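Residue numbers (UniProt numbering), protein chains in the order written: chain Z, 1 to 309; chain S, 1 to 256; chain H, 1 to 370.
It should be emphasised that the hints constitute simulated quantities derived from the structure, not laboratory data. Mixed in with the good hints, there may be bad ones.
Listed next, the in silico DSS-like pairs over lysine-lysine satisfying Cα-Cα at most 25 Å (straight line) [as the list claims (entries may be wrong)]:
| hint | chain 1 | residue 1 | chain 2 | residue 2 |
| --- | --- | --- | --- | --- |
| 1 | S | 73 | H | 127 |
| 2 | H | 12 | H | 355 |
| 3 | H | 127 | S | 72 |
| 4 | S | 230 | S | 72 |
| 5 | S | 198 | S | 214 |
| 6 | S | 241 | S | 194 |
| 7 | S | 194 | S | 145 |
| 8 | S | 145 | H | 355 |
| 9 | S | 214 | S | 241 |
This structure is a prediction, so every number in the text was calculated from the model and none was measured.
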Amino acid sequence: MDIFIQQLINGLIVGSIYALIALGYTMVYGIMQLINFAHGEIVMIGAMVTITCINLLLGLGVQLPGPLLLLAGLLMAIPVSMLLGFTIERVAYRPLRRAPRLAPLITAIGVSIVLQQLAMLIWGRNYRPFPAILPTVVHDFYGAAITDLQIAIFILAFLLMGGLFFLIERTKLGRAMRATSQNPDVAGLMGVNINTVISMTFVIGSALGAVAGVMVAANYDQAHAYMGFMIGLKAFTAAVLGGIGNLAGAVVGGILLGLIESLGSGYLGDLTGGFLGSHYKDIFAFVVLIAVLIFRPSGLMGERVAERA
Amino acid sequence: MSTPLLQIQGIHKRFGGLHALNDVGLSINAGEIYGLIGPNGAGKTTLFNVLTGLYQPDEGRFTFDGHDLFRKKPYVVVRSGIARTFQNIRLFANMTALENVMVGQHVRTHSGVIGAIFRHPKARAEEAAIRTHALELLEYVGIAKRRDELARNLSYGDQRRLEIARALATRPRLLALDEPAAGMNPSETEGLKKLMQKIRDDGVTILLIEHDVKLMMGLCDRIAVLDYGKKIAEGRPEQVKNDPRVIEAYLGVAPE
Amino acid sequence: MNFAFLQTPRGKLITYAILGIVLAVLPWVLTGGFENGKAWVRAVDFALLYIMLALGLNIVVGYAGLLDLGYIAFYAVGAYCYALLNSPHLQAMLPYWAHNPPFLLMLLVAAFTAGVFGLLLGTPVLKLRGDYLAIVTLGFGEIIRIFMNNLDRPINITNGPQGINNIERVHFLGIDFGRPVQWLGLTFDMVHLYYYLILAFCVLIIFVTLRLQHSRIGRAWVALREDEIAANAMGINIRNVKLLAFAMGASFGGVSGALFASFQGFVSPESFVLMESIMVLCMVVLGGMGHIPGVILGAIIVSITPEILRDVINPMQEAAFGKRVLDPENLRMLIFGLAMIAIMLVRPEGLWPSKRRAREFHEHDEEARA
Numbered sequence: 001m002d003i004f005i006q007q008l009i010n011g012l013i014v015g016s017i018y019a020l021i022a023l024g025y026t027m028v029y030g031i032m033q034l035i036n037f038a039h040g041e042i043v044m045i046g047a048m049v050t051i052t053c054i055n056l057l058l059g060l061g062v063q064l065p066g067p068l069l070l071l072a073g074l075l076m077a078i079p080v081s082m083l084l085g086f087t088i089e090r091v092a093y094r095p096l097r098r099a100p101r102l103a104p105l106i107t108a109i110g111v112s113i114v115l116q117q118l119a120m121l122i123w124g125r126n127y128r129p130f131p132a133i134l135p136t137v138v139h140d141f142y143g144a145a146i147t148d149l150q151i152a153i154f155i156l157a158f159l160l161m162g163g164l165f166f167l168i169e170r171t172k173l174g175r176a177m178r179a180t181s182q183n184p185d186v187a188g189l190m191g192v193n194i195n196t197v198i199s200m201t202f203v204i205g206s207a208l209g210a211v212a213g214v215m216v217a218a219n220y221d222q223a224h225a226y227m228g229f230m231i232g233l234k235a236f237t238a239a240v241l242g243g244i245g246n247l248a249g250a251v252v253g254g255i256l257l258g259l260i261e262s263l264g265s266g267y268l269g270d271l272t273g274g275f276l277g278s279h280y281k282d283i284f285a286f287v288v289l290i291a292v293l294i295f296r297p298s299g300l301m302g303e304r305v306a307e308r309a
Numbered sequence: 001m002s003t004p005l006l007q008i009q010g011i012h013k014r015f016g017g018l019h020a021l022n023d024v025g026l027s028i029n030a031g032e033i034y035g036l037i038g039p040n041g042a043g044k045t046t047l048f049n050v051l052t053g054l055y056q057p058d059e060g061r062f063t064f065d066g067h068d069l070f071r072k073k074p075y076v077v078v079r080s081g082i083a084r085t086f087q088n089i090r091l092f093a094n095m096t097a098l099e100n101v102m103v104g105q106h107v108r109t110h111s112g113v114i115g116a117i118f119r120h121p122k123a124r125a126e127e128a129a130i131r132t133h134a135l136e137l138l139e140y141v142g143i144a145k146r147r148d149e150l151a152r153n154l155s156y157g158d159q160r161r162l163e164i165a166r167a168l169a170t171r172p173r174l175l176a177l178d179e180p181a182a183g184m185n186p187s188e189t190e191g192l193k194k195l196m197q198k199i200r201d202d203g204v205t206i207l208l209i210e211h212d213v214k215l216m217m218g219l220c221d222r223i224a225v226l227d228y229g230k231k232i233a234e235g236r237p238e239q240v241k242n243d244p245r246v247i248e249a250y251l252g253v254a255p256e
Numbered sequence: 001m002n003f004a005f006l007q008t009p010r011g012k013l014i015t016y017a018i019l020g021i022v023l024a025v026l027p028w029v030l031t032g033g034f035e036n037g038k039a040w041v042r043a044v045d046f047a048l049l050y051i052m053l054a055l056g057l058n059i060v061v062g063y064a065g066l067l068d069l070g071y072i073a074f075y076a077v078g079a080y081c082y083a084l085l086n087s088p089h090l091q092a093m094l095p096y097w098a099h100n101p102p103f104l105l106m107l108l109v110a111a112f113t114a115g116v117f118g119l120l121l122g123t124p125v126l127k128l129r130g131d132y133l134a135i136v137t138l139g140f141g142e143i144i145r146i147f148m149n150n151l152d153r154p155i156n157i158t159n160g161p162q163g164i165n166n167i168e169r170v171h172f173l174g175i176d177f178g179r180p181v182q183w184l185g186l187t188f189d190m191v192h193l194y195y196y197l198i199l200a201f202c203v204l205i206i207f208v209t210l211r212l213q214h215s216r217i218g219r220a221w222v223a224l225r226e227d228e229i230a231a232n233a234m235g236i237n238i239r240n241v242k243l244l245a246f247a248m249g250a251s252f253g254g255v256s257g258a259l260f261a262s263f264q265g266f267v268s269p270e271s272f273v274l275m276e277s278i279m280v281l282c283m284v285v286l287g288g289m290g291h292i293p294g295v296i297l298g299a300i301i302v303s304i305t306p307e308i309l310r311d312v313i314n315p316m317q318e319a320a321f322g323k324r325v326l327d328p329e330n331l332r333m334l335i336f337g338l339a340m341i342a343i344m345l346v347r348p349e350g351l352w353p354s355k356r357r358a359r360e361f362h363e364h365d366e367e368a369r370a
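Chain Z extracted, bound-state conformation:
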């Protein structure tokens, strides 16, 4: 088996999931300069609801092919996550829109804690296995293994990203979102309903997050109430790496981070003569992030904001 290609494939799959989640962070950030700390929890809830829903159907004895079961689960999880995203913005962020930046950051952290604990109360402290409903077909790809599931994740992730770009660039809502991110006050004067735009941003981001959550759970065969924290952190790192607020940056950052982690953990031991093993994988991501930001303080694709004196 070719390790390089294998790590490349793994990196691309994980990276496309990161990218999907990073889009949620970057959209919210672009419009309201807020780190939506609770986004990772929405990803987690998306995964949890899907698993519960599939198990429920299986328990009822529903005979459906795996992908359809999964679709049913997703169709349940997406609205739940959307509703959650909508509610969070309404309750925890909207009242603080004119407050100093750190106040909504703290409520975001509060929401994150609440969702985590709620998830633990509902689903318990243990890992939830992803139901074995999908056939594991392994293909050989230049000496590396790739499953149907991975291919599906990759394609779906890019279809969703394409859809989002279409929405942002070509639709009325997208134009309103872009206008709001440029200058909410002016957009408001021009007749854009800021509240609706912000709500829609959360709703769309949450839907993407829910799908990403299911992808994570399916890819690793498990889900956990704490999973949102780490995956959210990684995705946020990816968004910053690409230049936060920039959609294309989120995608590039996500893919790049996935590749860096995967290749890094595969080769870190060799590179350092065994001094640093693969358990330093998380460091690798952060070191690259810091290095990039030193040379490009606004991320890879972020606008270089000239200091206006």
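For chain Z, the structure is supplied; the task is to place chains S and H on it using the hints.
Below, chains S and H alone, put in the same frame as chain Z:
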């Protein structure tokens, strides 16, 4: 006249494709009020930013009072004796007027962490001197009564004055004022004019950007005109006023 | 109510005297009045450590306006400093003179080392703004933790995830802080002894913070927070002032960490996770950023509330449902999270902001109404 206080030659500054300053040179003599005018976007503020160290010029020479200040950091520039105000007032909004002026003295004072914690006699004396001098400066620009107000709560005109006081607190030899009269009514402008003359009479040279041509004509000893990043004229106010290139630049006669 | 009396010199003296007496007898009230009093004194000891941390972070975030999400790293550095020099784990490898250094020297070493780490963090991030800074500091915190987790090979320095055990307690002024002391007919247990020790350092740090706040350096920090470009143009050396803020904040964390290691007798990377950084930030913001009494209040609330909830949740559940319906651990964190949200929604400026900041918010309200 002996050597000029400030002298720049062949200054270039480019932003990507934009050649914001193109071979600009000027010299300012000690004790004069030197005006800088030009249409919007002519490069006046860019020149200011270069002169105060906020921007690094691409090429050229820049000496001040015997110091070479080419591509020097702002704190070096300020220490050498150049202070500035901003076109769109940049006060420390949530500090009081007094504190703003106290911050201005940072560059002329030395107390560090040790002094702050132990408050030894030297540190105490310095802190007292900072406060006294700040009060004097507030008095000087005429806003002593508002010393405990937050800067953000001052009236527009008082904010302009506070910015001048804060700049004077750095004990400059050259004070660079970026459109200090913008947004002022005629009586405020008149007061400002008197203040600038007083500052000059007290030995501080002034470099002034202003759109109010009447004010400039009555106040400046010499004026330079910038257009598209180039200096197109320099001289006494009445000379500049009648210079055909200046009229062309301002009235927008087709440049071709 | 009229608080004017408190502002007079006499009033201040009386206030401080009362405060001093309350603080002096607090541990005895707790051990005397509660069944599990020692656990409460222990909780208070930790609250004091958190006050030190929150005040340190307040310098970076509250004064200088630099959002730091990896602050706990400095606490970790201080703690490991103490642990490595005062436990058998690494001593075999260290020269004899480095074993169990005198207490005050040890604290200086911890403060200094943490300060150096502060500079290490500060240097690459000088040009970063706002949220970029936040994520890099967060990454820095994680890097430190991951190293502590993995530096058990090739050479075993930190003993990895197992952490370091058998850390010597403080020996200071002839007292072994690990053993009960009889004095004035009272038995001072370890939690009591540490209470007074940590309290002393807490007061010292409050004093230092107050002094810094009203100084040339403190003003430069606030100027930096208010407008970096203007501060630059006023001749403030932005680089030095920022690095100083990082180093000062870090050294407070280092002192606090060293005390923590000696009090706990054990350190492991698990004590220094990202959530801890976030909690310290919450203390600063919930209490009232930049305002020392507010930050202290925030630290007390955030560190003590979960402890109180721990004790009241089960009785509450039993009273309401007749049995324990929900996992008390989750329920208490859930309530904690809800409280955080509620406090911020009601008082975005924090529970006890400086008068100046409160005024600023009030004006915002008026603008919003207008």
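Broken hints, numbered, in rising order? none
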